Amino acid sequence: MSFFIHFIAEKSRLMVAVRRLLVLVVAASACVVGISRAQSELIPLKVHVLPVLSFAPHHIAQAEGFFEAQGLAVEFIQTDASSILVPTLLSGEIDVLGGSLNAGIINALARGGTARIVADKGSFGSADDCSTAAFLVRPDLLESMDTLDADAARALRYDLPSNPSAFMGYLLDAILTARYGITVNDIDLLEVETPLVGEALTNGSLDVAAAIDPQIVRWTDDESGALWVGANAVFPNFSYAFITFGPNLLEGDADVGTRFMTAYLQGVRQYNEGKTERNLDILAAATELDADVLERACFPQIHVDGAIDIDSVRAYQDWAFERGFIDVILEADQVYDPRFIEAANMALDSE
Amino acid sequence: MLALLHLYKHYIVNDETIPALHDISLRAADHEFISIVGPSGCGKTTLLKIIAGLVAPTSGSLHIDIPPGDHPSTAMVFQEQGLFPWLTVLDNAAFSLEARGVRRRERTERARTMLARMGLSGFEARYPHQLSGGMRQRVSLARAFLVDAPILLMDEPFSALDAQTRLLMQGQLLDLWREDRKTVIYITHDVEEAIYLGDRVVVMSARPGRILQDITIPLERPRVLDVPTMAKITEMRWQIWSVLEAEVRSSLRDSMASALG
Amino acid sequence: MLPALERRAPLLLAFTFLAIWELAASQKWISTLFFPAPSLIARTLFDNLRTGEMIEQLAHTLTRMALGFSAGAGIALPLGLILGWSARLRRLVMPFIAVIQPLPKTAVLPLIMVIFGIGEQSRVIVVAMSAFFPVIVSTITGVLGVAPLHIEVAQSYGAARRKIFARVILPGALPVIMSGINLGLNAALTIVIVTEIIYAQRGLGAAVWLAWQTFRTEELYATLVVIAALGLGIHQLLSVVSRRLMPWRTE
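Protein chains in written order, with the working numbering: chain A, 2 to 352; chain B, 57 to 317; chain C, 126 to 376.
Everything labelled a hint here was simulated from the structure, so no lab data went into it.
Errors might be hidden in some of the hints.
Covered, in the sense of this in silico footprint (three residues per stretch, anywhere, with C-beta under 8 Å from a C-beta of chain B), are these stretches of chain C [what the hints assert, rightly or not]:
1) 274–286
2) 292–298
From the derived model, a few chain C residues whose C-beta atoms are all more than 12 Å from chain A [what the hints assert, rightly or not]:
3) Pro135
4) Leu148
5) Pro227
6) Ile243
7) Arg374
Covered stretches of chain A (in silico footprint by chain C; criterion: 3 or more residues with CB under 8 Å from a CB of chain C, positions within the stretch not fixed) [claimed, not checked]:
8) 76–88
9) 160–171
All values reported here derive from a predicted model rather than from experimental measurement.
Glycine included, each C-beta is placed from N, C-alpha and C at the ideal position.
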């Protein structure tokens with residue numbers, strides 16, 4: 002034994018060099034292991050997104066790396082096949098849904114599905130703000146819209162982007178009921194593919210079209226439609242779009258949901274900085290819209306703390322129930338879960 | 057009554073000229089029963105179709121001399137599948153009259169009578185697939201006889217039947233013919249049948265078809281299948297076969313060559 | 126005993142399947158969110174029938190189907206007969222048929238709408254298009270498939286062309302034409318439902334789509350039952366018609 006120590010001590014200069022090399026190697030491998038472990042720690046999330054303005058905070062969060070900073074590897078699932086969104090959320094195929102008020106989610110919850118609205122994704126502003134959603138009419142009809150009687154109003158042809166139980170249907174119904182005493186079930190609904198709406202208005206096969214900016218800008222620009230009623234005039238400060246969590250985030254580790262929400266709210270905060278150059282760049286890339294159109298479009302309002310107006314949801318349910326789109330009216334706690342924005346806001350404010 | 061003079065027929069398929077008949081000259085007197093034998097592809101069916109007017113000869117002439125009247129010159133009996141599956145026995149038989157514009161009531165009545173003569177009473181409403189082969193051919197015969205054509209053309213009418221039914225049908229044909237002596241041109245590849253039925257047997261060569269022999273059958277009518285008659289038939293059969301065999305072989309070689317080529 | 130059992134076998138199998146499903150739903154072995162109990166589906170179906178809602182949707186779908194199929198087959202049949210008869214015309218037209226046939230009609234729907242406008246006519250046209258192709262192809266095949274022998278028989282007896290067409294070509298081609306009509310009807314049913322899902326407000330397909338949108342799965346299943354019944358009804362009707370038109374077919 003002593004011979005060995007002697008032996009090692011004698012080779013001390015060589016040993017020092019070897020020791021240094023060994024330390025380097027160990028340190029380097031520790032680094033590599035550390036990095037790969039950090040990368041494999043990124044939690045994958047499937048988040049429904051559309052390349053449109055109303056998903057601005059998502060696009061901003063992704064572009065600025067907020068999700069990654071929260072340890073999330075967010076995969077955007079792009080589809081506007083609205084029929085499959087709620088089912089895929091409930092079955093756990095996607096983790097986060099971004100959508101607007103519709104009967105589907107209410108009915109699904111009433112039937113025992115696990116989902117909750119967790120944050121704001123769009124509200125109408127006050128009557129003085131620009132309207133992000135509106136109904137356009139054929140320019141030659143604009144004058145006569147005020148003087149129509151119920152029958153004439155019923156005879157017009159309307160276009161909605163989705164089924165009549167969705168929020169644009171709710172909006173249209175409110176307009177029709179107030180002005181003409183008819184409901185959305187009384188009228189002829191066409192479903193025109195968005196690219197064809199302008200054409201349809203121009204050639205007279207459509208009279209009234211739903212429009213969500215930047216469609217309002219586009220269709221008034223080329224004069225295929227004239228602005229008839231803006232959403233803000235009918236439902237000021239109304240929450241119409243939400244972030245919805247499915248069973249994966251609600252039943253699993255709440256930490257993941259909170260982390261998503263934190264990144265999302267960061268995106269919302271930057272979004273609320275307005276039409277900054279940085280924001281416009283990100284959105285132009287994500288939506289492939291003209292910078293010019295983006296500048297003039299009405300950006301939807303999204304509350305900076307993600308809070309929703311729960312009364313909006315209740316009002317919608319009352320209407321949907323009356324029209325027969327939903328079977329049960331749910332209480333707030335059956336529909337809304339504020340935990341995540343609470344936790345996210347706390348995390349962001351403490352930074 | 058029927059004269060074919062130097063008939064030639066060729067077909068053009070894919071820029072190739074295929075000769076079918078070569079210098080066919082044939083006479084048939086009234087009420088004569090002529091059997092034609094020859095190897096497959098020798099053109100005998102083509103010959104029949106030329107007489108029926110379905111196919112035009114490339115050159116040569118065809119003379120048909122028949123008594124005047126509201127009847128066609130020829131009526132044809134095809135092989136077993138010649139009946140329309142979608143018509144009843146009655147309508148099938150009456151078709152020959154229908155094609156000539158005879159009204160429904162008259163033609164169904166006449167058909168009914170003719171079918172009875174063929175022993176098919178009670179089967180008028182059946183469809184061909186419900187009948188045996190022999191019965192189907194009797195319907196075919198009824199159809200052909202209904203138009204009263206003086207010349208009857210028969211293209212291997214019994215070849216698809218089993219041997220026993222075939223014998224029965226041959227006997228029936230001769231019975232019918234005895235009552236109504238049409239001129240018959242009868243194609244078959246069965247040499248014995250040709251001899252048994254015919255007044256003359258015409259032997260054709262392999263393609264392109266030529267007439268090799270025209271043999272008169274010295275048997276008395278009515279043809280009775282007793283021992284001396286059978287012996288004579290057998291002897292003549294070997295005579296004819298000696299001529300025919302070479303032709304059949306050559307025709308077989310041809311068809312094998314085209315199958316391989 | 127056994128033949129009687131065998132005849133009822135499909136019914137027994139279906140019944141057993143439904144019973145298992147009912148049990149699984151009541152015991153929550155399966156998600157009643159996506160697979161509601163058959164009893165609930167049945168109740169929903171009867172309610173919809175009672176209120177006349179389902180009948181109205183059925184009427185819309187049937188009308189579109191009937192109009193579309195009549196238009197499509199109405200052109201395909203005579204055109205097919207002509208093309209079967211004339212080799213020259215056939216050579217001219219077949220390439221176009223071959224190219225357009227494989228195009229999914231729903232993919233062409235927006236184009237149709239641009240040309241003919243949004244509205245009922247475009248939907249009917251798409252249904253007509255999908256019925257057209259199976260019918261015309263079968264008609265041509267049927268005519269070409271008529272045994273040359275049969276035509277020769279008719280010619281040998283001196284039948285005029287019109288007589289040959291009516292008494293030989295048509296009945297001879299009929300079995301194949303009927304199978305084409307069967308295919309055309311099936312295609313029309315499929316396409317009308319799909320078109321209604323994409324682009325209509327009323328009709329069975331529209332009801333399916335709305336059921337998904339509002340997440341009323343039992344409505345969805347009830348509507349599917351009606352669609353299946355419609356398909357079955359068409360099949361039966363066609364069987365009866367076939368048997369009357371072609372009494373010589375034993376099957």
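Tell me the hint numbers this structure goes against, listed in increasing order.
6
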